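Could you put together the complete structure from these sequences and hints?
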Amino acid sequence: MDSKERFAATADFYHRSRPSYPPESIDWIVKATSLPSTGRVLDLGAGTGLFTRLWQERGYDVLGLEPNDEMRTLAEQEGGRYAKGSGEETGLPPGSFDLAVAAQAAHWFDLDAVFAEMRRVVRPPHPFVALWNIRADVPLLREYNDLLVEYSHEYRAWGGKLLSARTIEAFRERADVRDLVESQFRYEQRLDYELFHGRAFSSSYVIHGMKDQDGFARDLRALYDRYEEGGRVVMPYDTIVFAWRVGPPSARSD
1 MDSKERFAAT ADFYHRSRPS YPPESIDWIV KATSLPSTGR VLDLGAGTGL
51 FTRLWQERGY DVLGLEPNDE MRTLAEQEGG RYAKGSGEET GLPPGSFDLA
101 VAAQAAHWFD LDAVFAEMRR VVRPPHPFVA LWNIRADVPL LREYNDLLVE
151 YSHEYRAWGG KLLSARTIEA FRERADVRDL VESQFRYEQR LDYELFHGRA
201 FSSSYVIHGM KDQDGFARDL RALYDRYEEG GRVVMPYDTI VFAWRVGPPS
251 ARSD
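For the sequence shown, counting from 1, position 20 maps to 20 in my numbering; every step adds exactly one.
Source of the hints: derived by calculation from the structure; they are not laboratory data.
In this text the structure is predicted, and so the values were computed from the model without any measurement.
For each residue, glycine too, the CB sits at the ideal point set by N, CA and C.
Each hint can be trusted.
Quick list of the computed label-pair ranges, beta carbon to beta carbon:
| # | residue 1 | residue 2 | range |
| --- | --- | --- | --- |
| 1 | Arg123 | Tyr193 | 41 to 51 Å |
| 2 | Asp212 | Arg142 | 17 to 27 Å |
| 3 | Asp137 | Glu24 | 16 to 26 Å |
| 4 | Ala113 | Arg232 | 38 to 48 Å |
Structural data, given as structure tokens:
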């Protein structure tokens, strides 16, 4: 299935249940990329606008680029500027942005095509940032991961790991990733059962990669009941952030 259409069936779950990002991650990005207050930000794979809105709240001129119509419509309902397009084909004028960011999206990219497009649309030195909320290593989320491995043939095919781990390895090996820096922050969601269920079903490998969704939902409810306190469970994340400049395609690492 085309990655641009994978989330069409999950858009509403995604909008209501996915975590946002720690505000301090924005502070770190601004400093790491020397982004001026007048800088223009391009949010690639903006989804329902979770990360785009953080930039809007800081007063930045930000455009959320999202290829999926259902996701983009939900983002537009919250206000802000959005356009249809992808990181590989933005359809935007050359040199029209000061920074490109991708939150929970870069693992779906054709990296060669996206890097070439960022050299075109992001002004030198072509700063680029990618970040992910990675599930923290706590008992609730270890058991949650076990359920995904048990029920999702697609997740098992990935080795029981998120695609982001592979993308991070690919970044480190690319000759055109220059001056790479990284940081990490903790972020938490406190979810009632409806949101906990929605968080699980916002994942494409749950919607598209399971035959027994009823069995998964039953075991998911049992997992929630084991860890629920005061009508909520806590889902902690380690938010990992990478910033670099996109070098020429012929660059060689020193």
